[in-house]
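Undergrad: Sequence:
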Amino acid sequence: MDEIQSLDQYFTVVRGARPAVMIFSAGWCPDCRYLDTFIDEVIRDNPDFDFYKVDRDQFGELCETLDILGIPSLVAYRDGQVVDRFVSKLRKTKEEVQSFLDDVRAKVAPAS
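Residues 1 to 112, numbered by the UniProt record's numbering, are exactly what the sequence shown covers, in order.
None of these hints come from the bench; they were simulated from the model. What you are looking at is a predicted structure, and each value in this text was computed from that prediction instead of being measured. A couple of the hints might just be wrong.
[Said to hold, decoys possible] Subject to a maximum C-alpha distance of 27 Å in a straight line, what follows is the list of computed DSS-like cross-link-like pairs (lysine-lysine):
id, residue 1, residue 2
1, Lys53, Lys89
2, Lys53, Lys107
3, Lys94, Lys53
4, Lys89, Lys107
5, Lys107, Lys94
With the hints as extra help, turn the sequences into a complete structure.
TA: So, in structure tokens, the structure goes:
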């Protein structure tokens, strides 16, 4: 998973046509470290998404603007729009993250 290094990079990624999931976290956060125990498997199982880590401490103003009040939190984007948010201060399980991604997938699927 790539880590966002600048606001320019962040805005370039979220404007892309491919769904991107921003994972807001911090190194000191125990629930973020718990997410790290399974996130590689989730990423591998969901190749239709691009995943990026956003350090909450490095991008505090961005987090405030986006109402990211708890971490870890996930926000999915496509074409510059928020598709869905999984934002809370609570620990996320692998199953909850996968359910969130399934919901995002349904929202970005082409209409048939």
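Undergrad: All hints, please: hold or fail.
TA: Checked hints:
{"no.": "1", "hint": "Lys53 x Lys89", "in the structure": "holds (16 Å)"}
{"no.": "2", "hint": "Lys53 x Lys107", "in the structure": "holds (22 Å)"}
{"no.": "3", "hint": "Lys94 x Lys53", "in the structure": "holds (16 Å)"}
{"no.": "4", "hint": "Lys89 x Lys107", "in the structure": "holds (24 Å)"}
{"no.": "5", "hint": "Lys107 x Lys94", "in the structure": "holds (20 Å)"}
Going down the numbered hints, you'll see the structure goes against none, and every one checks out.
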